[in-house]
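Visitor: Below are the chains, spelled out letter by letter.
Protein chains: 2
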Amino acid sequence: MSGMSDEEAARHRARMIKRKQVQDAEVAAKTITEKGLLIVHTGPGKGKSTAAFGLALRMLGHGRRVAIVQFIKGAWQSGERAALARFGELCAFHALGEGFTWETQDRARDIAACQHAFEVARGYLADPDVALVILDELNIALRYDYLDLATVLAALASRPPLQHVVITGRNAKPELIAAADLVTEMGAVKHHFAAGVRAQAGIEY
Amino acid sequence: MSGMSDEEAARHRARMIKRKQVQDAEVAAKTITEKGLLIVHTGPGKGKSTAAFGLALRMLGHGRRVAIVQFIKGAWQSGERAALARFGELCAFHALGEGFTWETQDRARDIAACQHAFEVARGYLADPDVALVILDELNIALRYDYLDLATVLAALASRPPLQHVVITGRNAKPELIAAADLVTEMGAVKHHFAAGVRAQAGIEY
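So the protein sequences, as listed, match chains W and Z. Letter by letter, the first sequence follows residues 221 to 425 of our numbering. Letter by letter, the second sequence follows residues 221 to 425 of our numbering.
Chain W on its own, in the form it takes in the complex:
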């Protein structure tokens, strides 16, 4: 790190000038300047919902409206919910799930909860003033056929053109991935649960 010669410094600079030209050309080649993105966070790793909340934070920082609908998680108090309350009416938060399916043990109740959540989501998906809609754990609801996939895809397709949507949850349906603009697969490389460590406040909830 120390002891870099003038020659090395010059070589570094030349490489970086070339790299900047490539970057600038790539940016210039992108001709669509504004578009509402359909974003999917899937995979077995951590960070799917957490990254969605990070996007909420970013959008709220731009002073734009955000709506969050949780399809599986119930109404228990969570850190992100308390934090987002600071943004008042700029951020709507609906925890409409009844908990995980193995907590409720009642499929009919799970279906009813998901369908109610989707009706709430639909309202936001029709409102161009909402810049970002987060449909948290919607993939779980789709996987268990608690919601009709075609109905969900139609609602997404007919939303305002500049509205961004983030859908989270494992096992995203191939049809949803096909419709999406941006898909990230969170892979679990290593997990503290395997080492006998419980869920931590501020990390898991």
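Please note that a few of the clues may not be correct.
It does not matter which identical chain is meant; a pair holds if it fits inside one copy or across any two.
What the hints assert, rightly or not - The list that follows gives simulated cross-link-like pairs (lysine to any residue, SDA-like), each with its CA atoms no further than 25 angstroms apart:
#1 Lys393 - Ala408
#2 Lys250 - Arg231
#3 Lys393 - Arg363
#4 Lys393 - Gly407
#5 Lys293 - Val340
#6 Lys410 - Pro264
#7 Lys250 - Ala399
#8 Lys393 - Val409
#9 Lys393 - Pro264
Treat the hints as calculated values from the structure; they're not laboratory data.
Fit chain Z to the given chain W structure using the hints.
Guide: Just chain Z, lined up with the frame of chain W:
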């Protein structure tokens, strides 16, 4: 979805009761109830820094202190920065990078910026009142040898035992992954840049 028979409903319930027993046993088997986690978000996909900001939000919602040090990104205004300002002194935010290496084109300046950022980070890594420290893009600084890996690992190892740390950036060093409790690899399945769409306010920045 409709037309579920009583028999089907009962089968679902029985499956879910069994699943809950498995889940409860797994939770009970975890004997470490509180531990500061070393978390790494790496991989080529989106969401590494964003998920770290989501964790910041969650921790702030619990009323605990958070410190964020950005090693590469510069002092330009970003959505998350404006949003986190709402939390006042609970959240410290230092954007100490000089921008991407191909923007500065000056390796000596990049190294000096990273080393200054690490000195700031060290202060938080010694303060047990800080519940979460985010070292954003530290992996980039390590990859280009802007910081000494052994020095960084020693500072992480000697931090307060209940303090959580998140380190982001592509190409995490194997030694860092070995030291970590939780590692998520963000994989890029699909990206709107490839379809000619530019970075969007509230999503990329």
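Visitor: What hint numbers does the structure not satisfy?
Guide: Structure breaks hint 2 only.
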